[in-house]
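Q: This is what each chain is made of:
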Amino acid sequence: MSFIRRIEIPIMIFVIFSLLILFNYFTGMAYEAASTVISWAPILWILSYIVGYVSMIRYHVIIIHKKQKDWIYSIIVLVCFIITFLLGQLYKPAFDFVFMHILLPLQVSMLSYVGFYTYTVFFRGARTRNIYALFLLVTAIIIMLWQAPATSAIIPSVVPISIWIRDVLQTGAIRAILIGIGLGIILIFIRTMFGYERSYVGGE
Amino acid sequence: MSAMLPKVDRLIFLLFLFFIAIPFILPVALPLPISPTTLKYKEILENLRKGDTIIWFVDAMIGAWAETAPGDIATFNFILEQCREKGVKFVMVTTFHAESLAYAETIFKNYLNTEGLTYGVDYVYLGWIPGYESALAGIAGNLPAIVKTDYYGTPISQIPMMQNLHSIDDFAISGFTSSTSPDPYIRQWSKKPIITNILAANIGWIMPYVEKRIIVAYLAGVRGAAEFEYLIGRIGSATKLISAQSTAHIYAVALLIAANIYYFGFVRRRGEVIKK
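If you read the protein sequences in the order shown, they are chains Y and S.
Just add 1160 to wherever you are in the first sequence, counting from 1, and you've got my numbering.
Just add 878 to wherever you are in the second sequence, counting from 1, and you've got my numbering.
If you're looking for bench data, these hints aren't it; they were derived computationally from the structure.
Hints may be right or wrong, so weigh each one.
To be verified - Quick list of simulated restraints, FRET-style, between CB atoms:
no.: 1; chain 1: S; residue 1: Ile900; chain 2: Y; residue 2: Val1214; range: 49 to 55 Å
no.: 2; chain 1: Y; residue 1: Arg1358; chain 2: S; residue 2: Leu889; range: 49 to 55 Å
no.: 3; chain 1: Y; residue 1: Tyr1213; chain 2: S; residue 2: Phe1144; range: 35 to 41 Å
The beta carbon of each residue, even a glycine, is placed where N, CA and C say it ideally should be.
Chain Y extracted, bound-state conformation (with noise of 0.2 Å):
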């Protein structure tokens, strides 16, 4: 049994499936194991649901049975979750209810929540205290005024502008950022099938 809870199981599955769509990847072969190995991924991702579900459980039973702070929510969210899960399984047009008519405009909501404090955000905390809050207001105001489509009809010179804006100077930077994400993504990887990276299996 201590057999099967090593690290490094965890560790040689992954190097050898890697190893496996890599090699699939790079000259065509081993086409169906390596399609068939993808094919587990969705099966895998409905197992990581099931765990979480589980642990959602697990989690606010324990609340409620120890009667910790605020273990009326911890009631509210089981109550819920279990109607919206018979709903779904027992009775759709109910569940479309649910989501049309309570999950939709609650998270839009939130949303828009966020929305109003960042109007409070461009009162309170855009003001021009050096020239680099300056360049930022500045694009600021014109990006937003060619976002607001009457006022791009209005002041037609604030597309170029904007559109210089977003091609050479957001590009740029979004594509620096796009190299640094591949890198990082080859270099984790590469650490990963070397066994340094082990967070991923409870390690350090």
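Starting from the known structure of chain Y, fit chain S onto it as the hints suggest.
A: Chain S in isolation, oriented as in the chain Y frame:
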């Protein structure tokens, strides 16, 4: 000043509500210049030929509904129009999250005009293939290995239009709707042209791919959707929202200017007086 701030917040919130409500209370037709990118987007969809298959990954979260759903609804109905008129085939699928499944399902069941089309022959909805990038890779590499049934549980071997779809090579073009990273679609589907309906805030993210012509056209949030609705002559929710977006942005610019006038006119001057 600090005691006054909550009052300022309330005033800012009230004015914000007022400005976004104006276009709904007093409908005014604010000008809407059509972006070249939206024109290109329509052109690409229009140029699909008989027998071409387009696959669309509907991977947005529910919170993005207001911004991405109008574009999706207009796009999918336009694609279905191409299916009706030219014999184009349309595959819809979601890979990202259970929330994306609910998002896609709502659009599929409630907003698509499939009149005159046959399910399984002209269009198909594959439901949720969990795994995100792994699922994208699987569909691109060996579709039958990863997709066993459609949304209704029908084996894909029994769906006529799926018989000729085995990998990325069998699709003319792919599209995606995303409220997060566009990178996985580029990594797995860049072999074929890609179009996208994406949050306006994420446009900067896709620009390097647009420059390289990996993403050949895009709709930029509500504005792109409103432009597209205008181009295809199907007025939907984006057209109603876009005027409110205009007034909200103008209000934001006014707030930025007001904040700086206040800062330089009162706060800094008062600070200088104290220093002296």
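Q: It remains to establish, for every hint, whether it holds in the given structure.
A: Hints versus structure:
no. : hint                                : verdict
1   : S:Ile900 <-> Y:Val1214: 49 to 55 Å  : holds (50 Å)
2   : Y:Arg1358 <-> S:Leu889: 49 to 55 Å  : holds (54 Å)
3   : Y:Tyr1213 <-> S:Phe1144: 35 to 41 Å : violated (55 Å)
This entry does not satisfy hint 3, going by the numbered hints stated previously; all others are met.
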